[in-house]
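Number of protein chains: 2
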Amino acid sequence: MQFKISEELIEKIKFLIEERNDEELLLHLEDVHHADIAEILTELNLEEATYLVKLLNSEQTSVALMELEEGLRERILENLSPREIANELTQMDTDDAADIISELSPELQQNVIAEIDDEEHADHIVELLRYDEDSAGGLMAKELVKVNENWSVTGCMTEMRKQAENVTRVHSIYVVDDKNKLKGRLSLKDLLTAPSHANISDVYIPQVDYVTVHTEGEEVARIMQKYDLEAIPVVDEMGRLVGRITIDDILDFVREEAEKDYQMAAGISEDVEADDNLFKQTRARLPWLLIGMFGGLGAASIISGFQTILTDYKELLIFVPLIQATAGNVGVQSSAIVVQGLANDTLKGNMLSRLFKEFGLGLINGLAIALIVFVISFYFFHTSITESLSIGIALISVIVIAALIGTFIPILLDKNNIDPAVATGPFITTSNDVFGILTYFLIAKAILGF
Amino acid sequence: MQFKISEELIEKIKFLIEERNDEELLLHLEDVHHADIAEILTELNLEEATYLVKLLNSEQTSVALMELEEGLRERILENLSPREIANELTQMDTDDAADIISELSPELQQNVIAEIDDEEHADHIVELLRYDEDSAGGLMAKELVKVNENWSVTGCMTEMRKQAENVTRVHSIYVVDDKNKLKGRLSLKDLLTAPSHANISDVYIPQVDYVTVHTEGEEVARIMQKYDLEAIPVVDEMGRLVGRITIDDILDFVREEAEKDYQMAAGISEDVEADDNLFKQTRARLPWLLIGMFGGLGAASIISGFQTILTDYKELLIFVPLIQATAGNVGVQSSAIVVQGLANDTLKGNMLSRLFKEFGLGLINGLAIALIVFVISFYFFHTSITESLSIGIALISVIVIAALIGTFIPILLDKNNIDPAVATGPFITTSNDVFGILTYFLIAKAILGF
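So the sequences go chain by chain: A and F.
Here the first sequence stands for residues 1 to 450, numbered as in the UniProt record's numbering.
Here the second sequence stands for residues 1 to 450, numbered as in the UniProt record's numbering.
Each statement offered as a hint is correct.
Treat identical chains as interchangeable: a pair holds within one or across any two.
For lysine-lysine, the following PhoX-like pairs were computed, each having C-alpha atoms within a straight-line distance of at most 20 Å: (1) 226 <-> 260; (2) 146 <-> 162; (3) 280 <-> 357; (4) 189 <-> 146.
I should point out that these hints are in silico values taken from the structure, not numbers from a laboratory.
Every value quoted in this text rests on a predicted model; they were computed, and no experiment measured them.
Make a model of the complete structure from these sequences and hints.
Set out below in structure tokens:
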């Protein structure tokens, strides 16, 4: 069955909320999947959504809240008391609870944590808050099933059933020693088929893939994808098992990162969607347009600075768009490839060899394009030989430099712990535009001798 | 434990291959994870890689082959006989086998399929080949566990154990009727805790999320992410259960799609990496640079066509980069947002309201930028009032039109079943450049009256 949120259903729900008809609402919504509840919430206004969240039980709404877009979730939570928020958090897995709490103001965080009755749950959430949100520590949940290597198989089953209650999906059972250090893993199947008198230490698999709390989220995704894992244990600096990341969380992370990188490359400064209001979209888009504008004004000053070209070599000006577009395209290509290489950890070889390679690449592509343009500008636009030559040589230089800049800026950013994807957007196209025109005119000046 | 491929290991393996020391090689490699085997294969040249694939048993190499980049895999397979390829395919899950076979020439496909001894496996592969590779049918595998609703729980267990042998991970057991139509699902836990005298029809859950064979891959990813599914059954047009897609395959798909979109937006025409050789990179990048070049030449013809500007209104020319950059940035922003909206299926509202919204957005952003530029061009670049006015009005027009084009081209492409991401690359920046300059000069002509 596929549940579709129809217009009629939304209308009906809005109507029932207005009537405060709690009984009917619960009847309609109690069997609805939490992801669909989330979709319904996005179709309601803030008051209606808040009403529904307070009405439905926390088990449904807690997960629905996770599915909401951050802005809407924040506004709904603002209307709930710390006690009500704590109730939602108690129902969630620790990683989701930590994510939500981190969105609240520090003051509200304190109040909410104080209202969580389950002290162990609160302690776990507080622990997770310490980690960087894009690291394994920030992505992991404390819910997992672990057994001590010294236990017997039978003794283990009881303990496991108890732990498994809280765990939505048990993929592997982790085996730890007395100091809680990760030693290996077991599958449910292994456990069920093991001889009942055996000890865990006889049957577990001592090879287990793991990550540490500081491993970057993209690295975790890469490892899980490479080894086809559905969950991966997380250990701390002392090798102690502290959490687990499941593949559904990594899928969320991968999709979010892809969207963020994509938007950054397009010069959109925050998570915005096509249906957001004018104000929100403007706020996300105008900053980058302004950066591009300043770049354009910079280019304008450069051109107006070369008065000789404006008076005596006007034909050169008609190729300014060509130079600009080429510099931009080459820069974007280079940076996109490097940014992907950094994300997939496939960037090998040292800096010097990379420098030579990009130089060579710029040269080859540059020569190809410069040759075509030289011929076309000479025969079709009737520029003189020396003018055509300056256009051609400028193109080669601009392409080579743009390729080098596009390659090294992301690497530089990455080495300084800044997201290299920043370099792929209007930032790099703007700077390439400006220096491209400067290079063009300087070369023209040198060749034409003015 | 984390397995790292060291330089020494690679050197050692190369040495052992040269020596044809099969015994030592097997000793070193038999416990190595297939994903790491794949990494080792990429570090070897073609001959060494082929040697290793023929030496190691198919269970290891089949999965390693899947992890390889397509080009390398093709070259290795070219060196294997149809029989040897068939042996690899027999070890693989049907979805992977189908993917690999589809990369071969039709003639070779025939020969390989003929060599697959397991006729059921061959039949499944042939079936999967019929589907579009990015649809649910193309992504699914035939391996799954299903039970008939009329069976008893105990009778079911035996059948299940038999089926589960071939299935790497059993997430849900699917329940079908006599016609193989999907009725619902069961978890292993449900089955284990059911009373032994019960029938399947008493215990299974009649709600089950599913997709049809024609559902687009991105839609499948969206549904699996929304409902936190780890596997989803696929049904045909008659509702019959024909396959299953697991979350690890969807994670692969999502990451590949993100890379493809990203590269398309950067104007890179095939899957290329930072460490590929010069020829491969040039082949992927030059086509788009040529498109940009033709756009630049188009812009050059336009400018040279407006001789009056070149002679009498030279100051207007200094703002050409500004106009071009702004048109490009706005177009890229709009198209990126729309393409993401299409991919996430969050584009609501009809065309007309979208038209008005983009128009309004263009107007607001345009006015902001035009105002700043008007002031700066008048006070700093000393353009006349009418010149400054034409620059300002041209900016507003260009931004509005770029926003509209950037919004509607992807939607148009999508409606005609072309990947809308094509519209986000140099294609749209180039066309925006050209019409942007044209608009600028036409407006200048109108306002300045020449």
